[in-house]
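Residue numbers (numbering that gives the first Met the number 0), protein chains in the order written: chain L, 0 to 99; chain D, 0 to 167; chain F, 0 to 513.
Among the hints, a few may not be true.
[Said to hold, decoys possible] Label pairs and their in silico Cβ distance ranges:
#, chain 1, residue 1, chain 2, residue 2, range
1, D, Val-28, F, Gly-317, 46 to 54 Å
2, D, Arg-29, F, Asp-150, 23 to 31 Å
3, F, Gln-3, D, Arg-29, 51 to 59 Å
4, L, Arg-85, F, Asp-60, 46 to 54 Å
5, D, Arg-25, L, Pro-2, 31 to 39 Å
6, F, Trp-455, D, Ala-100, 40 to 48 Å
[Stated by the list, open to error] Among chain L residues calculated to face chain F with C-beta under 10 Å, some are:
#, residue
7, Pro-2
8, Leu-3
9, Ile-8
10, Ser-18
11, Leu-22
12, Leu-45
13, Gly-57
14, Met-59
15, Leu-60
16, Phe-63
17, Ala-70
18, Glu-71
19, Gly-75
20, Leu-82
[To be verified] Examples of chain L residues lying across from chain F (beta carbon under 8 Å, computed):
#, residue
21, Ile-1
22, Phe-14
23, Phe-31
24, Val-74
Hints were generated in silico from the structure; no laboratory data involved. The C-beta atom is built at its ideal place from N, Cα and C for all residues, glycine as well.
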Amino acid sequence: MIPLSHYLIVSATMFVIGSVGVLSRRNAIIVFLSIELMLNSVNLTLMSFSSFLGDVTGQMLAFFVMTVAAAEAAVGLAIIIALFRRKQTVNLDEINIMKW
Amino acid sequence: MDLFTILFYVFALITLGAACVVVFSRHIVRAAFALLFAFFGVAGLYVFLLADFIAVTQLMVYIGGILVLIIFGVMLTQKQINVDIKTSPVQTWPAVLIVAALAGVLIGMFWSTDWARMGEISTATTATTPKLGEMLLTTYVLPFEVASVILLVALVGSAMIARRERNT
Amino acid sequence: MGFQISDIANNAPLFTLVATGLVVILLESAKSGKPNVSFIVSLAGFILSGLLAVGGLKTEDVSFGGMLMNGSYSNFFAIVFCLTGSLTILISKSYLERFGQFRSEFYILVLFAAMGMVLMASANDLIIIFLGIELMSVSLYVLAGFFRTQDRSNESALKYFLLGAFATGFLLYGIALVYGSAGSTNFSVIHNQAPALMKNQPLPDSVVQAGLPDSVVQAGLPDSVVQAGLPDSVVQAGDSGLPAGQAGLAGTIFLLGLGLVIVGLAFKVAAAPFHMWAPDVYDGAPTPATGFMATAAKAAAFGAFVSIAFKMIGSTSGTISNLLAVIAAASMILGNVIAISQSNIKRMLAYSSIAHAGYMLSGIAAANVEGQAGVMYYVAAYACMTLGAFAIVSILERDDAANLSIDGYAGLSAKHPVIAAALALFMFSLAGIPPLAGFFGKYYVFLAAVKADMTWLAIVGVLTSLISAYYYLRVVVVMYFKEGEAAVEGRIGMSTVVAIAVCAYLVVQLGVYP
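Here chain L stands alone, though its shape is the one from the complex (with noise of 0.2 Å):
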């Protein structure tokens, strides 16, 4: 039987990882793609919570979290494909009208 606690590990190292591409990535599509792992990752802990508690609490929540997911990703991409229309580039170094 695997114990809670590596769940828990597998999802803390996860979520370390994506928050490690969006603070050192500077591409804003790899920058989303590090948050949707993050928000997997917080999907993966609820889970595991929720099966060891016996609780369903958590399932409904992580439900819910992959509907917003889902809202954040489009929402993000028209964004993405607005500013890339007009400045030809989702490097976020290049976009620097305003300071990063």
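Since chain L is already given, all that's left is putting chains D and F on it; use the hints.
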């Protein structure tokens, strides 16, 4: 080490390895496809947690929906695909330090906690689909409706932002 | 457990906003290109919803199976959101017309953002806090990028989106940890367990939490079908699934989770050191949207903050209080000091809003009744004065987003004495000069801090307010004592004037009769 355990670690490794590729790859398309494996690995882990409904939802929403959306995004902004992305060390190092500290705290904490009472996966949550469905329409009816409003706003908003200029 | 008709009646302001939003969408699709109709309908919706909130001030109730807590607190915030929402709409009309972007989507998004805010303020469950924040944020990302042909607006949207989503990640991870250690997302349940979880932190051998159905949690082998048939109530009753003997570490996880939730919310209120997005986003977004973000969104995040601090944690623990106090002090110092060097008025107001977030946070850090009341008063006062200032900025802004420098305001008093006087009033109030609203806000908040033995925080607050007087008054000096040709582009919209008048009236009114 029974088969179950080995499979768990295989899925965990797939997930984390793919996550690393997503974050450290210099190629956007490769990163997007690595994300597919990460999502898939997480779905596998859900199966280990006996969460059938969420595992299927993961496959359908993330891989079928979000990932396709992302690949569209990558394709539409394709001129950038092969650009080498330079990361300035000034910003990277403090970030790595903070994140390493966070990782240390989290993993140390999870590792040292004795989850005696939560030692086993409870079957109270198996056969989740009917129960989730019922709860979505009773206790969680408000969050359910709010989630639908969020999707509506996302629809209105992204359609407005991404469409081309009106010919007026 | 499920939902009843009375739940809708109890949340009338919320449902009025949804209904108005849907009506505007339908009207827009039925006969496209009539933004005037949307403007009037949304304004009416906001006013109706605000009136319903005033009517609901007295009733205290829990609805939707413990998801929402209605009462004077949530309705107070609903009034603030409806007020800022309707003022934003008034300001936006002539501004959007001037930029050729007068479209109905703006009103739809403002309405739904306000709905998310009302949810945040009335939430009694972490799920609702999360969904409310997301509804608000998704609308605001789009509002920031509303001028989709403008590079600045697009960039501001992208920056807001990426950092906002990043903050959401932290918030959610925090929520997951709190859920894991407390076994629930409901405020009332967590509130009951918080003292045990917190107290257990130094002492691992602790009070055994009674009433744990051990069998449910322990006996559940994966292939046992017996447990699956348990009635819901038993499953739901499993509070903290953590072993009482190990609650020490559960306490750590709980605190870490709370810390991450606070980090996530601090991003949303733009408190230092999580403020870096604010100046750029405020600068790039369309001015009415900026005003809405700086006031309503901040008020909503504080609504959630106060709920979490008082309803969920209850007696705030020392650790959390100290964390909040440090964030508050950092925001006050950083916001005020950097604001001095700003020459662009929108960026100046952005840094000033960071500083004000710090003042309000010190009220929450104080964690007493005075602090809560002080924050509520401050939120209302701050909303009026900042929105008024942004309204005036929106009048003076020109096509290419030029004329945002403070020096461009030179000579305003000669050309437009009334506008200059109004801006001066807002600046005096923001600087905290009595007897205006801004002064009493600060007074109450600092008083609460002193009562909570956080005198140092109050001293930092007073000192930084003195610094802030410098840059606020500089605007007034430039307007009145410098020669220049500040000019208003085109005609000033009637609706904007109304909005400014309402703001000015409230700033004086709240100040004179606090």
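Evaluation of the provided hints:
About 51 Å separates the C-beta atoms of Val-28(D) and Gly-317(F), a value consistent with the hinted range of 46 to 54 Å. In this structure, Arg-29(D) and Asp-150(F) meet the distance hint of 23 to 31 Å, their C-beta atoms being roughly 29 Å apart. For the pair Gln-3(F) and Arg-29(D), the beta carbons lie near 53 Å from each other, so the given range of 51 to 59 Å is met. Distance hint check: the CB atoms of Arg-85(L) and Asp-60(F) are about 49 Å apart, consistent with the given range 46 to 54 Å.
At roughly 37 Å, the beta carbons of Arg-25(D) and Pro-2(L) sit within the given window of 31 to 39 Å. Our hint of 40 to 48 Å for Trp-455(F) and Ala-100(D) is violated, since their Cβ atoms are close to 27 Å apart. Among the interface hints, the one on Pro-2(L) is violated; its C-beta lies about 13 Å from the nearest C-beta in chain F, farther than the 10 Å criterion. Hint on Leu-3(L) holds. Least Cβ distance to chain F is approximately 9 Å, under the 10 Å limit.
Interface restraint check: Ile-8(L) against chain F, minimum CB-CB distance 13 Å, threshold 10 Å, status violated. Annotation: Ser-18(L) was flagged as interfacial toward chain F, and the flag holds, the nearest CB pair being 8 Å apart, inside 10 Å. Interface restraint check for Leu-22(L): the shortest CB-CB distance to chain F comes to about 9 Å, inside 10 Å, so the restraint holds. For Leu-45(L), the shortest C-beta to C-beta distance to chain F is roughly 5 Å, which falls under 10 Å, so the interface hint holds.
At its closest, the beta carbon of Gly-57(L) sits 6 Å from a beta carbon of chain F; the interface hint therefore holds under the 10 Å criterion. For the restraint placing Met-59(L) at the interface with chain F, the shortest Cβ-Cβ distance is roughly 7 Å, inside the 10 Å limit, so the hint holds. The interface hint given for Leu-60(L) holds, since its Cβ lies 6 Å from the closest Cβ of chain F, which is under the 10 Å cut-off. For Phe-63(L), the suggested interface contact is upheld, since its CB lies about 6 Å from the closest CB of chain F, less than 10 Å.
Nearest Cβ of chain F to the Cβ of Ala-70(L): about 6 Å, under the 10 Å cut. The hint holds. For Glu-71(L), the interface hint holds, the least distance from its beta-carbon to any beta-carbon of chain F being 6 Å, beneath 10 Å. Evaluation of the Gly-75(L) hint against chain F yields a held restraint, the C-beta minimum of about 5 Å falling below 10 Å. With its C-beta approaching chain F no nearer than about 4 Å, Leu-82(L) sits inside the 10 Å limit, and its interface hint holds.
The restraint placing Ile-1(L) at the interface with chain F is violated, with a minimum CB-CB distance near 11 Å, outside the 8 Å limit. The beta carbon of Phe-14(L) is positioned within 8 Å of a beta carbon in chain F (closest approach about 6 Å), and the interface hint is therefore held. Taking 8 Å as the C-beta contact cut-off toward chain F, the hint placing Phe-31(L) at the interface holds, the least distance being around 7 Å. Satisfaction of the interface hint for Val-74(L) is found here, the shortest Cβ-Cβ separation to chain F being roughly 5 Å, below the 8 Å cut-off.
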